[in-house]
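These protein sequence lines are chains G and E, in that order. Under the working numbering, the first residue of the first sequence is numbered 1, with each subsequent residue one higher. Under the working numbering, the first residue of the second sequence is numbered 1001, with each subsequent residue one higher.
Hint data in this document are derived by calculation from the structure and do not stem from the laboratory. Keep in mind that the hints are not guaranteed to be accurate.
[Claimed, not checked] A few chain E positions that, by computed beta-carbon distances, are all more than 10 angstroms from chain G:
no. : residue
1   : Phe1038
2   : Arg1047
3   : Ser1062
4   : Thr1079
5   : Tyr1096
6   : Thr1139
7   : Val1265
8   : Arg1303
[As the list claims (entries may be wrong)] Pairwise CB distance ranges, derived in the manner of DEER restraints:
no. : chain 1 : residue 1 : chain 2 : residue 2 : range
9   : G       : Arg114    : E       : Ala1199   : 56 to 62 angstroms
10  : E       : Ala1275   : G       : Ser62     : 42 to 48 angstroms
11  : E       : His1248   : G       : Ala35     : 52 to 58 angstroms
12  : G       : Ala35     : E       : Tyr1323   : 54 to 60 angstroms
[Said to hold, decoys possible] To be clear about the criterion: a stretch of chain G counts as covered by chain E if any three or more of its residues have a C-beta under 8 angstroms from a C-beta of chain E, and this derived list gives those stretches:
no. : region
13  : 83-89
14  : 100-107
Here a beta-carbon is modelled for each residue, glycine too, at the ideal position from N, C-alpha and C.
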Amino acid sequence: MMNRFTGIVALCAAVLGAAGPAGDQLDQLAIVVHADVPIDDLPLERLRRLYLGDQQYWPDGSRVIVLIHAPGTVERQRALSTLFRMTESQYKQFWVARIFRGETTSGPRLVRDRAALPVLLASVPGTIALVQLRHVQPGMKVLTVDGRQPGAPGYLGKQ
Amino acid sequence: MRATLVGCCVMVGGLVQAGGLNAQHLHPSARLLGFADFSYLVTDQPRTSGFVQGQLVGHLASELGDRLGLFAEVSATGTSAGYRVEVERLILRYDYRDALKVSAGRFHTPISYWNTAYHHGNWLQTSVSRPEMIQGGGTFLPIHYVGLLLEGTTLPSAGLGYVAGIGNGRAANLARAGDAGEENNKLAYNVGLHARPAALPGVQIGGALLIDRPVAEDASHFAERIATGHIALERHAVELIAEHAWVHNRSDGATEWQQGRGWYVQLGVRLPDPADRVKPYTRVGAVHMPAESPIAPDGIDRRSWIGGIRYDFAEQAALKLEYQRERLGANRFNSLFVGLSYTFPRTASEPIADATPASDHH
Chain G
1 MMNRFTGIVA LCAAVLGAAG PAGDQLDQLA IVVHADVPID DLPLERLRRL YLGDQQYWPD
61 GSRVIVLIHA PGTVERQRAL STLFRMTESQ YKQFWVARIF RGETTSGPRL VRDRAALPVL
121 LASVPGTIAL VQLRHVQPGM KVLTVDGRQP GAPGYLGKQ
Chain E
1001 MRATLVGCCV MVGGLVQAGG LNAQHLHPSA RLLGFADFSY LVTDQPRTSG FVQGQLVGHL
1061 ASELGDRLGL FAEVSATGTS AGYRVEVERL ILRYDYRDAL KVSAGRFHTP ISYWNTAYHH
1121 GNWLQTSVSR PEMIQGGGTF LPIHYVGLLL EGTTLPSAGL GYVAGIGNGR AANLARAGDA
1181 GEENNKLAYN VGLHARPAAL PGVQIGGALL IDRPVAEDAS HFAERIATGH IALERHAVEL
1241 IAEHAWVHNR SDGATEWQQG RGWYVQLGVR LPDPADRVKP YTRVGAVHMP AESPIAPDGI
1301 DRRSWIGGIR YDFAEQAALK LEYQRERLGA NRFNSLFVGL SYTFPRTASE PIADATPASD
1361 HH
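Same shape as in the complex, but just chain G:
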């Protein structure tokens, strides 16, 4: 069922991509996780907690590995403005403080090359990342957020 769903998402992404950028860019991002992550839906607030390190383990006890794009990318800008509600400088200071306080040993992992993301999501258990819909590939596990599908208004909150 999930393969059919991700296939439909990929088809929609291909159609949208062929038609050119349309609608709110925010709604063209999707939350993608490693296939073994034991959830299919995330409340938006829980998603924020994951990205800000307040939750570091999935319900089955596996480690959450947050992958984040390099500064300047669309995915990172959207994550900063909606999920984190921070500027780039505030985001860096946030993680310096969090690690300094011993609340975690590591923050999100920086993905320098967008092309590497599918490999990491497929091979590293526990990974989660924001992916542009047109880059979602068949077989990727895409999460709904508060029951909303990727591309639906409000999928990642208000812009």
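Let chain G serve as the given structure and place chain E on it in line with the hints.
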């Protein structure tokens, strides 16, 4: 001493990345953070004015495995006799779940919000100076301890967190932790709760308790009970931190408890864009302990008001100008600080994820 200082400087001199991230080489990884500060002080207190090289702090955070982590913190502080190098924290932590993490080592005592949020690393805190109740080298609150700690978070909507620790209490030098063992075989116990509601980003409310039976500097024994409460709002545009501590001591054989109190309220408001690199701030605070208290035979009576401006002229460096008006007993003093605080290296906040297959590393 010199070799240790050189080693410390080398350690904090750059970013360390021990291996990229891929399916088979996720661990270990390590990151270094450094903090330092430098200021010019003018004061009418009975101490010297002039340039002050503050602490150099090196911090190591390392993932040793999926659930095993290491924190280490070393400081070098200038004194009239040279630099004093200290191991401030050394913690090995095993994460069972978000709700249960177990640590062993040397900690910042989780008895005060400021003590755990800003203990070292002047760049992290808005102000130049620390609140009166949590001054470095002071005896009012125990700021380090050696032992075990359980901690965790639960109830995501409330962001409820807890800590529970057991360890060596105060050392014979009451300003220090029992690094060489427990002075009188009476361990200290500490519990704390805090909430970070999801509906109130940047807000933390909490409190803590600590019970100990230290040995005073005159070798007498005393009982100690400490309770604290705090509320902190920390957002980019506004910062409001308020904390209160009650410290009760009773010497063996005495019938009455000596009751001390410490508190502070700090407010900082960042100016609107395009001046948002500038944050004016102010703080009032006091600490009082009656004379003949085991932790302060001469008593403690300090009040202070500070007003200052922080200017983040670079992403990892800040300039601070701070005026401090202190009342120490019947005496009043004025001090002016111009301070520079910074952190390094530039890319310490994010480890790199690399899709290189494991075989390419051989």
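Against the structure, the hints come out as follows:
no., hint, in the structure
1, Phe1038, "holds, 19 angstroms"
2, Arg1047, "holds, 29 angstroms"
3, Ser1062, "violated, 6 angstroms"
4, Thr1079, "holds, 24 angstroms"
5, Tyr1096, "violated, 8 angstroms"
6, Thr1139, "holds, 24 angstroms"
7, Val1265, "holds, 21 angstroms"
8, Arg1303, "holds, 28 angstroms"
9, G/Arg114 - E/Ala1199: 56 to 62 angstroms, "violated, 34 angstroms"
10, E/Ala1275 - G/Ser62: 42 to 48 angstroms, "holds, 45 angstroms"
11, E/His1248 - G/Ala35: 52 to 58 angstroms, "holds, 56 angstroms"
12, G/Ala35 - E/Tyr1323: 54 to 60 angstroms, "holds, 59 angstroms"
13, 83-89, "holds (count 4)"
14, 100-107, "holds (count 7)"
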